[in-house]
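If you're matching them up, the sequences are chains A and B in order.
Numbering-wise (the working numbering), the first sequence opens with residue 1 and increments by one.
Numbering-wise (the working numbering), the second sequence opens with residue 1 and increments by one.
Derived from the structure by calculation, the hints contain no laboratory data.
Do not rely on the hints blindly, as some may be mistaken.
What the simulated footprint calls covered on chain A by chain B, stretch by stretch (three residues with Cβ under 8 Å from a Cβ of chain B suffice, anywhere in the stretch; the number is not a length) [as the list claims (entries may be wrong)]:
hint, segment
1, 49-59
2, 72-85
3, 92-104
Anything over 10 Å on all C-beta distances counts as not near chain A; from chain B, calculated [as the list claims (entries may be wrong)]:
hint, residue
4, W44
5, A56
6, S137
7, F158
8, R168
9, A268
10, L328
11, P335
12, A351
13, A359
14, V412
15, L427
Every residue gets a Cβ at the ideal spot worked out from N, C-alpha and C, and that includes glycine.
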Amino acid sequence: MAEEVVTCRRVSRTYAEEAVPVHALCRVDFELAAGEWVSLAGPSGSGKSTLLHVIGGLDQPTEGSIVVDGVEITGLAAADLSDLRLHKIGFVFQAYNLIPVLSALENVEFILQLQGVGRAERRQRSLETLDSLGIPELADRRPGEMSGGQQQRVAIARAIVTNPVLLLADEPSANLDTATTEELLDVLRNLNRSRGVTIVTATHDPMVMGYTSRQVNLRDGRVVTTGS
Amino acid sequence: MTRETGPPGGDPENSRSEFSNAPARGRNRIPVRLLLQFSWRNLWRHRRRNGILLSAIAVAVAGVLLLNTLLRGMQYDMMNTAIDNLTGHVKVLAPGYLDDPGIERGFDTPPDWQQVLDPDAVEGWAARIRVPAVIMSERETRGIQLVGIDPEQESISFLHTAAIEGERLTGRGDRRLVIGQRLADDLATLPGRRLVLVTQGADGRTREAGFRIAGIYRAEMSLVESAFVFTGRDALQDLLGTGDVTEISVRLADAPREAETMAALATAFEDLDVLSWRQLEPQAATMVAFADTSIYIYFLIVMGALVFGLVNTLVTAVMERIRELGMLRALGMRPRSVVAQVVTESSLIMATGVAIGIAVAGGVFSLVADGIDLTAFDDSLASFGMRPIFVPVVEATDVVLVAVMSLALGLVASFYPARRAVKIKPLEALQRR
Ligand SMILES: Nc1ncnc2c1ncn2[C@@H]1O[C@H](COP(=O)(O)OP(=O)(O)OP(=O)(O)O)[C@@H](O)[C@H]1O
Ligand SMILES: [Mg+2]
Chain A
1 MAEEVVTCRR
11 VSRTYAEEAV
21 PVHALCRVDF
31 ELAAGEWVSL
41 AGPSGSGKST
51 LLHVIGGLDQ
61 PTEGSIVVDG
71 VEITGLAAAD
81 LSDLRLHKIG
91 FVFQAYNLIP
101 VLSALENVEF
111 ILQLQGVGRA
121 ERRQRSLETL
131 DSLGIPELAD
141 RRPGEMSGGQ
151 QQRVAIARAI
161 VTNPVLLLAD
171 EPSANLDTAT
181 TEELLDVLRN
191 LNRSRGVTIV
201 TATHDPMVMG
211 YTSRQVNLRD
221 GRVVTTGS
Chain B
1 MTRETGPPGG
11 DPENSRSEFS
21 NAPARGRNRI
31 PVRLLLQFSW
41 RNLWRHRRRN
51 GILLSAIAVA
61 VAGVLLLNTL
71 LRGMQYDMMN
81 TAIDNLTGHV
91 KVLAPGYLDD
101 PGIERGFDTP
111 PDWQQVLDPD
121 AVEGWAARIR
131 VPAVIMSERE
141 TRGIQLVGID
151 PEQESISFLH
161 TAAIEGERLT
171 GRGDRRLVIG
181 QRLADDLATL
191 PGRRLVLVTQ
201 GADGRTREAG
211 FRIAGIYRAE
221 MSLVESAFVF
231 TGRDALQDLL
241 GTGDVTEISV
251 RLADAPREAE
261 TMAALATAFE
271 DLDVLSWRQL
281 EPQAATMVAF
291 ADTSIYIYFL
301 IVMGALVFGL
311 VNTLVTAVME
321 RIRELGMLRA
331 LGMRPRSVVA
341 QVVTESSLIM
351 ATGVAIGIAV
361 AGGVFSLVAD
371 GIDLTAFDDS
381 LASFGMRPIF
391 VPVVEATDVV
401 LVAVMSLALG
411 LVASFYPARR
421 AVKIKPLEAL
431 QRR
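Take these sequences, add in the hints, and give me the full structure.
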């Protein structure tokens with residue numbers, strides 16, 4: 001069996017601030033092997049985003065253990081979680097979240113800059129990544145000058161330029177039309193197959209589910225079924 | 001299938017230390033260039049808002065700097081006037097002379113005393129007799145200070161450059177008078193006419209003698225014109241029956257060497273007082289010291305008000321970028337880098353504003369550098385020790401001081417906005433719509 005990139009054991013995330021505590025995740029067990037592409041499915045409010053967030057170190061579970069690439073990440077300090085996200089995780093959000101004052105190339109490059117990668121290497125890796133996603137011509141455009149699909153590709157470039165252990169994508173196709181979604185999914189499949197990037201997507205979109213190697217269904221914060 | 005990069009999983013301890021150490025080249029370091037780049041672009045993102053703020057900072061900085069040059073000009077003026085008016089930087093006097101001036105407080109000058117002075121530090125010196133006297137024309141009587149001088153030594157005082165109607169004194173034996181325009185008006189007299197002087201001789205007896213007026217001088221302050229009457233030192237010594245002088249005034253070429261010169265003079269004149277212009281003209285000295293302090297006061301008032309504008313702009317900038325900052329955090333920017341980002345932005349705005357302000361001040365200053373004519377206010381200004389042509393003065397240290405204090409304020413102003421920014425939780429920020 002391939003090595004495990006993510007191991008969740010009895011992970012719960014409870015929002016206690018509300019009058020009635022909300023169990024966004026309830027004792028979830030979840031494993032992810034290297035090279036998999038898993039899609040999280042389930043109705044709205046079932047905990048898909050929450051699971052992505054705790055795996056990616058954006059949110060802390062109230063209970064349980066999460067090991068990412070061999071490191072127990074529950075209880076890590078904010079700065080260490082920042083480093084985890086910077087070096088091991090790539091995020092793609094529904095809203096593309098590019099920085100409006102930076103060009104596409106700079107949006108990709110600044111992640112490497114945060115990592116402390118030198119200027120020449122940074123530039124080269126960023127250009128290569130844009131190239132591999134088929135958008136070298138967008139390098140000098142700012143987000144305001146790009147379509148949604150183009151922005152989403154730049155966001156993916158930003159997420160994978162660091163060669164992350166894990167690519168997490170929350171509703172990546174929600175704002176895209178069918179044709180663009182198909183292109184996006186081809187890009188992700190290509191990354192998954194040829195570069196071996198491990199991917200988790202959370203989505204309602206049946207098109208996405210058709211591409212993935214495994215599907216995990218959630219309901220009310222619990223894993224109900226899992227299968228290919 | 002295996003990943004391309006990164007170590008295999010397995011032993012958590014190993015992996016953990018790998019996780020902390022591997023990215024060492026980027027860890028714990030704040031990406032300064034990146035932050036500068038963001039800040040610079042953000043400055044241009046809200047041109048109008050930042051433009052207004054920058055103008056306000058620039059105007060304030062320029063205002064403070066120009067006010068500074070006026071204050072410095074005033075300060076120099078008061079100092080120079082005080083020094084010019086027979087005071088010099090340093091003066092040797094008999095103890096008690098200041099409270100009760102008179103020839104009985106005269107002293108002998110030891111031969112070669114001036115050898116204690118460093119010729120590089122000293123511009124010149126003058127030995128004088130200065131006694132209170134009463135002067136009379138046919139019509140009027142006035143109390144004055146009668147000063148016996150060696151005209152050749154007076155290059156150190158205002159007399160040297162003063163305009164004279166009639167003639168100057170020709171030497172220390174010249175037995176004529178040079179009086180001020182104001183006194184001449186009061187006494188209704190003219191060059192060539194005679195005046196009678198009454199004063200006390202060295203033996204304590206009253207002396208009375210007639211003198212002819214050689215010339216009438218103009219001073220920048222009418223107060224001076226009515227106070228000082230000059231004659232040759234030898235002639236005055238004859239009249240008073242003494243060989244003494246009452247003061248030696250030293251003007252320095254190099255003002256900071258005052259203390260050293262005073263110490264040297266003290267060795268040459270052991271029983272006498274060696275006083276600086278600050279002790280001799282305490283009022284002017286207080287004004288000069290006040291000008292030093294008021295620079296800070298003006299700075300704090302003007303720039304202090306601006307800090308609120310800066311804080312407001314920064315907080316607004318943080319609030320409208322919550323999503324963006326949250327996203328940067330989500331992608332792995334450390335909290336301290338977020339703080340650094342706000343601080344950088346604040347500093348950049350301040351630095352740009354200060355640079356523009358200095359340029360504006362420089363431009364305005366070049367228009368008034370030759371001096372501002374204040375003749376219309378002559379008399380009232382004179383009582384403050386100021387001259388009718390007012391020359392503003394730039395001191396490099398003031399410019400540096402204002403710049404440094406402004407940047408420090410910029411740092412202070414970014415404190416609260418930075419706190420706001422660092423409290424942003426990446427997840428909450430991303431979920432905001
Ligand atoms: N900040 C929060 N405070 C309180 N409850 C929250 C918060 N965030 C999420 N929840 C709750 O947690 C549960 C799981 O939410 P989550 O966003 O993970 O669902 P989801 O499966 O991603 O839904 P969707 O398909 O609509 O994106 C929901 O009931 C939601 O209301
Ligand atoms: Mg969701």
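Of all the hints given earlier, name the ones this structure violates by number, lowest first. 4, 10, 11, 15
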